Amino acid sequence: MPITPTHYMLLSAALFIIGVIGVMVRRNIIIIFMSIELILNAVNINLIAFSDQLHNVIGQVFAVFVIAVAAAEAAVGLGIILAFYRNKESVNIDEMNLMRW
Amino acid sequence: MAHAIAFYTLAAFILGFAILVVTTKDTVHSVLFLVLDFLFVAALYVMLNAPFLAVIQVLVYAGGIVVLYLFVVMLVNLKRPPEAHSDPHRMTKFGFGLAGAVLIELGAIVVSGYMKAPAVTSPAQNLPVSGNTEQVGWLLYTNYLIPFEIASMLLLVAMIGAIVLAKREL
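As they're listed, the protein sequences go chains P and R.
Under my numbering, the first residue of the first sequence is numbered 4, with each subsequent residue one higher.
Under my numbering, the first residue of the second sequence is numbered 55, with each subsequent residue one higher.
Looking at chain P on its own, in the form it has when it is part of the complex (with noise of 0.2 angstroms):
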């Protein structure tokens, strides 16, 4: 049985919802934030199994504007985690309510 473009997009569904879990389920920020890594991952193989099976290098192209976003996206997260941490000890997802309703 050949690999398809099927296989690949239930692999990175199947990466996508453990992320999501991870994200849903964890109290730990810093593992949240992991989670989400493995979200944009799940979606650069997306891009790159679909760039593969049409021939066509733009989705590569995509996923290296993901990747950008996702180092930004850790360096300002890891930024205020250490902020959030400094004034309450803590990185407990549960203790961060200082914004919510």
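Relax, there's no trap hidden among the hints.
Within a straight-line C-alpha distance of at most 25 angstroms, the following computed DSS-like cross-link-like pairs (lysine-lysine) qualify:
1) P:K91 to R:K221
2) R:K79 to P:K91
3) R:K79 to R:K147
Calculated directly from the structure, the hints in this document are not laboratory data.
Computed from a prediction, not measured in an experiment: that's the story for all the values here.
Place chain R on chain P using the hints.
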């Protein structure tokens, strides 16, 4: 056949390490599993004829971003683990049910969409260069020059923002 074996092996490793990242108690172990996961995703990119993206994945993700994560995990040395504090309003089971429903939905869309339109062909690109890295670079500096510059601005803004956020006082 060899393609199928490689795909299933890599997929098993990617999903297994992703589950370990999400479930491990120790945050440092979680970061290390994340490195392994990114390396297997890079191997998948090589299989998909995207060697440039595989190198970028190893350099930027496994090399840069993960070191940043490790750095923060080491700085934030917790005496009281976050999982000890529990919020009574949290609906974990509901979350799992919802995630499972989304996975089934995505799978159904993927499978049914592929059944309806199995043969997708696109016109071949006429790029004046050959080779994966050359083609990606050509597109980045011609058709996608403005998004490329905007991405560089985004990285500059993120860098300044991270410094402002993490610095004690300016």
